[in-house]
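Enquirer: One letter stands for each residue in the lines below.
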Amino acid sequence: MNTTLGQFNPVAIVFFLLFIALSLGITYWAANRTNNAAQFYTAGGQITGLQNGLALAGDFMSAASFLGITGLVALNGFDGLIYSIGFLVGWPILMFLVAEPLRNLGTYTFADVVAYRMNQKPVRIASALGTLAVVSFYLIAQMVGAGNLIKLLFGIDYEIAIVIVGLVIIAYVIFGGMMATTWVQIIKAGFLLGGTVLLSILVLSRFGFNPINLFAAAANKYGSQVLAPGKQVANPLDAISLGLSLMFGTAGLPHILMRFYTVADAKTARKSVMYASWFIGSFYLLTFVLGFGAMTLLGQADIQKVDKGGNMAAPILAEALGGNVLLGFIAAVSFATILAVVAGLTLSGAASLSHDLWVNVVKNGKADEVEQLRVARYATLALAFFSIVLGIAFKGQNVAYMVGLAFAIAASGNFPSLLLSIFWRGLTTNGAIASILVGTITSLLLIYLSPTIQVDMLNHASAIFPLKNPGLVTIPLSFFVAIFVSLLEKDKRSTEKFAEVQQKIHLGSHYDIIN
Amino acid sequence: MRQKTLIKLAQQKWILSRNLSLAMMFVYFGFILLVAYNKQFMGSLIVPGMSWGILLGALVIVSVWILIYIYVRWTNNYYDHKIKQIMLHGEK
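Chains as they are written, first to last, in the working numbering: chain A, 1 to 515; chain B, 1001 to 1092.
Chain B on its own, in the form it takes in the complex:
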């Protein structure tokens, strides 16, 4: 029983980790591909002093914080709780 719950939880955690990693790769490589293949767009100005390149670059940094926040929230609120349950169950 405990084994089963744990395998299910491990599966959930792996899926979240994988999806968040893919999201990070999508964001970062999206940025790099724009830098590499669409220089004109990245250089175009939104307002004087702010180009799309600089704005998107700063947003990549912000996206790192957001993705990490999602992960920490899920693990703190759901995962840690479940692990605690499994452990209490196991010690009985």
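One chain only, chain A, in its complex shape:
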């Protein structure tokens, strides 16, 4: 089979330019409404449940999910599905434990919640470190992915592609803030879901609209082991460790947590997670169809000819089923996906830098609207340049593990202190700080000592730490440290304020009316 991937593709360029024009138009519209910090960070809290559900889905369904998982399933069969399932199971945890308290207790960042009854400054500094660590690794994965993808899809140079992404992000976030970012996410989620459904229908139409026929055809072609767990999960502890990180990482991702401040109240926050779980769950179910469809209709050899990791399975499948037009559409959707995710990440990183570090630590919480907005925009600019540098510096690296690492840091650095600050009366300032720092630093350290870095990247014979993902060790450790340090001391203020926290979690803005 011949593919035009990697050559100049006018249809793809047209679709891509259409998306850019549409999103910049929205940015212009949003910019006129973004004149204070609340608008910039949270779109004034006026996003509806359905809109936020789509935007959450847009933030979460990265190119790594769409291209990466389709490719994994196409090349490995069942093993790829473990990822699609793992990425979804964090959402109920986020819903049951974190979403509503977060909305009712904080204003712009999740550090608002952790620091609420603690000594503000040190907790905010620690939370900002945790946030920036997660955001950086997530950004590297997205930027390097973007560079490779654009090179393959449009034939543009890697470095130029990275700079284009950086500049478009600056336009979205600096001028349009959360309003523009949210609408970019919504449009992108719509395109991505639409494209996935369309491709799935086209695949299933070849198999009598019965997925079982499709799986049977795949098993006929490559043997029934493609429907069974295989070599990707050779080490059971690895699978469990990755599972833990995926499950608890979602509830610690700063750009996801920040989205709950864009809605008016806890009920809407709840609704938005419900919608998001429908969209994301359906999307991951359809990756079963896309992955096995690519395996059966294209053949693994042809997929690997274009990209060894199988990342181009979905675009090639689109070309095979719908010709140049569908390829152009899917290529543009993939690029839009990266832009949207990078915009969300940049905004959450900027919020942490300006709201947590500048306003609350440097200025003691005393900064007027004009200053807050100006600092937030400078922080965005700095982060966008930082991500361009990261993208170019990490060129050619295997980035798949970086998303796993971002989830591991989020699950071990951010999630334990967030959960305990909401539900455990006894958490103290030092306990929260110790948990964040120990969780973040040990995950970074253990990743460095893991086989992924030591064996695959540095070519050493063996690794000191046996697991590819540190979650199995670092998540329990972070909880243990938080509880242990808290039990060692008395933090009177934190204990006394817990009753207020508990009331505010349930009553939200009505708490202030009543009291």
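By construction, these hints were calculated from the structure, which means they are not laboratory data.
For glycine and all other residues, C-beta sits at the position ideal for the given N, C-alpha and C.
Any given hint might turn out to be false.
To give an idea of the chain A side of the interface with chain B (calculated C-beta under 8 Å), a few residues [unchecked claim]:
id	residue
1	Leu97
2	Phe215
3	Gly281
4	Gln503
Guided by the hints, dock chain B onto chain A, whose structure is given.
Expert: Relative to the frame of chain A, chain B by itself:
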């Protein structure tokens, strides 16, 4: 009085949240443990084209929807109602 009702309601909500979270962990880690330790079962076919692994994987996704549905139903029907009562009480 209001304080007491709220603490009781908070307790109820925490228990539901905790139990649903544990249920999700049980389902997901049950799936992962089967994948890790009983590959033969997960690979066995129910009908040609459908293995237990794929069926259970799809059911994990469905279980996410069911658990979230239970939570949303309880909070919409019971919890929100109670909160409203507490607030009316408090404003008197």
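Enquirer: Given leucine 97(A) was flagged as interface, is its beta-carbon under 8 Å from a beta-carbon of chain B?
Expert: For leucine 97(A), the interface hint holds, since the closest Cβ of chain B sits about 6 Å away, which is under 8 Å.
Enquirer: Could you check if glycine 281(A) really has its C-beta closer than 8 Å to a C-beta on chain B?
Expert: holds, 5 Å
Enquirer: At a threshold of 8 Å, is the proposed contact between phenylalanine 215(A) and chain B supported by beta-carbon distances?
Expert: Given a least distance of 4 Å, the restraint on phenylalanine 215(A) holds.
Enquirer: Hint check: is the beta carbon of glutamine 503(A) less than 8 Å from a beta carbon of chain B?
Expert: holds, 6 Å
Hint violations for this structure: none, all hints satisfied.
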